[in-house]
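Novice: Chains D and G supply the protein sequences, listed in that same order.
So the first sequence is numbered by the working numbering: it starts at 1 and just counts up by one.
So the second sequence is numbered by the working numbering: it starts at 1 and just counts up by one.
These are computed hints drawn from the structure, not numbers from a lab.
Just so you know, not all the hints are guaranteed correct.
[As the list claims (entries may be wrong)] Simulated crosslink set (DSBU-like; lysine-lysine; CA at most 30 angstroms straight-line):
| id | chain 1 | residue 1 | chain 2 | residue 2 |
| --- | --- | --- | --- | --- |
| 1 | D | LYS93 | G | LYS28 |
| 2 | G | LYS3 | D | LYS93 |
| 3 | D | LYS271 | D | LYS154 |
| 4 | G | LYS4 | D | LYS122 |
| 5 | D | LYS271 | D | LYS218 |
| 6 | D | LYS12 | D | LYS157 |
| 7 | D | LYS157 | D | LYS291 |
| 8 | D | LYS377 | D | LYS423 |
| 9 | D | LYS122 | G | LYS24 |
| 10 | D | LYS365 | D | LYS423 |
| 11 | G | LYS5 | D | LYS49 |
| 12 | D | LYS56 | G | LYS3 |
| 13 | G | LYS28 | D | LYS64 |
Source: prediction; values computed, not measured.
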Amino acid sequence: MEAVNTNDIHIKGLSAGTGIAIGEAVLIISDSKAVDPSFIKKKEVKKHKAQFSEAKETLLSELKLMSKELKDSGSAEIIDTQLQIIEDPDVQKNVFDIIENKLLSVDFALYQTFSLFIERLKESGSELFRQRIVDLEEIRDRYIALVSDQENIKSVKKGSIIIAREISPTELVSFYEDGAVGLVMEKGGVTSHAAIISKSLGLPCIVSANNATREVEKGDQVILDSAAGILISHPAKTTLKSYQERIEARAKGAVEKHDGVFATTDGCEFKLLANIEFEAELPKVVENDAKGVGLLRTESLLFGHRLRKSEEEQVAFYGKILSGTTGPVTIRLFDIGGDKSGIKVSKEANPFLGWRGIRLLLDEKELLRNQLRAIYKVSGEYQGRIKILVPMISVLDEVHKIKKEMEKIRQELISDGVEIDEKIPLGLMVEVPSVALSAYQFGREVDFFSIGTNDLTQYTMAVDRGNERICDLFQHYHPSVLKLIKLTVEGADKAGIEVSVCGELAGNKIGAACLLGFGIREFSMLPYSIPVIQELLNSRPLKDFQELAKKALELSTAKELEEYFKMWESGN
Amino acid sequence: MIKKKITIENSSGLHARPSAALVKLAGKFESDFYIYSYGYRVNGKSILGVMTLAAEQGAELELEVEGPDEEKAMEAICELVSSKFGMEDE
Numbered sequence: 001m002e003a004v005n006t007n008d009i010h011i012k013g014l015s016a017g018t019g020i021a022i023g024e025a026v027l028i029i030s031d032s033k034a035v036d037p038s039f040i041k042k043k044e045v046k047k048h049k050a051q052f053s054e055a056k057e058t059l060l061s062e063l064k065l066m067s068k069e070l071k072d073s074g075s076a077e078i079i080d081t082q083l084q085i086i087e088d089p090d091v092q093k094n095v096f097d098i099i100e101n102k103l104l105s106v107d108f109a110l111y112q113t114f115s116l117f118i119e120r121l122k123e124s125g126s127e128l129f130r131q132r133i134v135d136l137e138e139i140r141d142r143y144i145a146l147v148s149d150q151e152n153i154k155s156v157k158k159g160s161i162i163i164a165r166e167i168s169p170t171e172l173v174s175f176y177e178d179g180a181v182g183l184v185m186e187k188g189g190v191t192s193h194a195a196i197i198s199k200s201l202g203l204p205c206i207v208s209a210n211n212a213t214r215e216v217e218k219g220d221q222v223i224l225d226s227a228a229g230i231l232i233s234h235p236a237k238t239t240l241k242s243y244q245e246r247i248e249a250r251a252k253g254a255v256e257k258h259d260g261v262f263a264t265t266d267g268c269e270f271k272l273l274a275n276i277e278f279e280a281e282l283p284k285v286v287e288n289d290a291k292g293v294g295l296l297r298t299e300s301l302l303f304g305h306r307l308r309k310s311e312e313e314q315v316a317f318y319g320k321i322l323s324g325t326t327g328p329v330t331i332r333l334f335d336i337g338g339d340k341s342g343i344k345v346s347k348e349a350n351p352f353l354g355w356r357g358i359r360l361l362l363d364e365k366e367l368l369r370n371q372l373r374a375i376y377k378v379s380g381e382y383q384g385r386i387k388i389l390v391p392m393i394s395v396l397d398e399v400h401k402i403k404k405e406m407e408k409i410r411q412e413l414i415s416d417g418v419e420i421d422e423k424i425p426l427g428l429m430v431e432v433p434s435v436a437l438s439a440y441q442f443g444r445e446v447d448f449f450s451i452g453t454n455d456l457t458q459y460t461m462a463v464d465r466g467n468e469r470i471c472d473l474f475q476h477y478h479p480s481v482l483k484l485i486k487l488t489v490e491g492a493d494k495a496g497i498e499v500s501v502c503g504e505l506a507g508n509k510i511g512a513a514c515l516l517g518f519g520i521r522e523f524s525m526l527p528y529s530i531p532v533i534q535e536l537l538n539s540r541p542l543k544d545f546q547e548l549a550k551k552a553l554e555l556s557t558a559k560e561l562e563e564y565f566k567m568w569e570s571g572n
Numbered sequence: 001m002i003k004k005k006i007t008i009e010n011s012s013g014l015h016a017r018p019s020a021a022l023v024k025l026a027g028k029f030e031s032d033f034y035i036y037s038y039g040y041r042v043n044g045k046s047i048l049g050v051m052t053l054a055a056e057q058g059a060e061l062e063l064e065v066e067g068p069d070e071e072k073a074m075e076a077i078c079e080l081v082s083s084k085f086g087m088e089d090e
């Protein structure tokens with residue numbers, strides 16, 4: 001560690017990336033647990049009222065987009081009620097009344113207004129609206145978060161370091177586009193979605209940094225040392241200087257040119273592709289010499305404030321990704337539900353075992369058909385480059401249904417005279433153990449497999465990777481997970497189809513080495529991991545990896561494998 | 001201004017769906033719409049207002065409509081209430 005100056009304030013978190021950033025803190029709080037009354041001046045009344053109206057518009061447009069997509073009557077009804085609550089004239093009247101006549105700030109006015117209605121509903125003693133109270137609390141919290149962060153969000157500029165409770169990947173990308181150079185989150189583990197995206201964007205990031213939003217003030221100069229997992233505020237001059245020197249040294253030493261070889265020392269070739277979600281990541285794909293996009297996530301099309309929802313807008317998005325890359329682009333159909341749904345449509349006791357992925361898509365036909373239509377429309381111009389990947393398959397029936405949907409869209413477009421790629425390969429995400437265990441039976445029905453090791457680990461180890469308390473149980477190279485992967489490869493071989501791996505395991509040295517040994521030849525990972533994995537896989541003959549993989553299956557814990565790998569890597 | 005007394009006949013009262021339907025309908029008219037019940041007055045165009053009435057089956061409500069399209073509005077609202085909000089009684 002560098003010379004630590006005692007005047008610096010250090011905040012510890014978990015490292016979720018590499019690199020150092022020095023910049024100005026912007027706080028994103030997004031919380032409303034305790035709103036204190038604060039008085040405003042008469043001339044500020046107008047501004048506070050406008051903040052309310054702006055937040056109202058944002059909420060309304062979010063919900064309206066949601067209700068367009070979700071056509072089942074149950075969720076549409078919930079959204080309709082929420083719309084009515086947001087449009088309720090009495091809410092606005094009451095909020096404006098508090099701002100104008102009591103000269104209190106908009107966040108407190110919202111808090112008081114909703115609290116008043118919640119109290120009244122409780123007082124009425126009726127069971128009829130118990131569920132609505134929860135809705136009201138949710139809307140209140142979202143409202144307050146919106147009004148209190150508006151100004152902060154607008155102040156993100158070049159050189160900002162975002163200090164947040166928690167933000168969504170979409171928010172992160174929009175901050176990145178505004179010039180943010182680092183991210184600190186109080187919540188979330190190193191595998192949280194925003195952390196993964198920040199890694200992909202090459203942004204220094206730390207997570208689980210307790211109290212960061214309280215210790216740091218807006219506009220403070222801060223140093224974010226991602227590898228060390230620390231945030232330093234009020235740095236002493238000496239500290240600042242030493243970090244500036246490190247950044248300069250890094251800039252000089254970086255960028256080793258890749259030699260373009262992707263093969264073991266005895267000539268077994270492999271392909272490294274990129275996992276991406278946003279257009280903003282494209283430069284990293286090219287920079288790191290990825291041979292295509294092995295996983296294009298599409299959920300961000302549905303949520304957040306940069307919404308691209310209509311078919312035309314989807315076409316434009318896919319087109320940009322295809323024209324900005326070479327090689328195959330595997331588009332994963334919307335994998336919403338579980339941790340990724342932007343708005344909770346209905347509460348489920350076990351969202352990860354619930355209505356998500358293909359299960360949701362087959363119920364929400366319009367959402368599915370729009371996406372398929374958009375993909376096929378783009379395919380005409382990019383013959384042979386697109387593949388379609390279906391998330392969360394657990395039974396064969398779902399495969400039959402999705403094939404039928406694809407056929408239908410194909411026929412429709414052909415008869416409309418639209419030029420399409422009629423042979424877009426269809427692949428399944430292998431993330432539920434039922435698919436891995438019967439890989440041959442599933443494999444016969446499709447063109448390829450892509451193993452999603454994050455969810456496969458989650459469903460095999462029964463661990464929610466987003467839960468900070470148990471995230472150390474999320475061991476993606478646990479021998480049990482590796483056995484399922486081996487079964488998948490065997491089943492795919494028998495069925496004569498290709499299999500790739502697109503989870504984080506592929507971008508992990510231990511994982512990638514074992515995967516190559518199991519017979520995997522296509523890996524998709526964060527662009528940033530490609531050079532490291534390339535170097536490792538280029539460094540030895542195939543039989544070394546095969547021996548490592550064989551040994552890995554005999555071991556009993558992930559820890560044993562880590563130790564064995566250390567020996568393997570340094571020895572021989 | 002028109003006033004009219006009505007009774008809620010749905011067996012589970014003016015719960016979420018009927019309330020939503022009532023507010024949605026009232027919002028289509030220009031006239032103001034208020035509901036009086038046990039000495040309370042709520043805005044019939046406010047979903048939160050209507051919910052706080054918590055009107056059970058058999059509750060008597062007085063409707064008050066005032067504005068340029070008050071007659072049409074009152075007629076439509078009464079029809080909705082007497083049709084049990086277009087829902088099969090659950």
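Novice: Checked against the structure, which of the hints given earlier come out wrong?
Specialist: 3, 5, 7, 11 and 12
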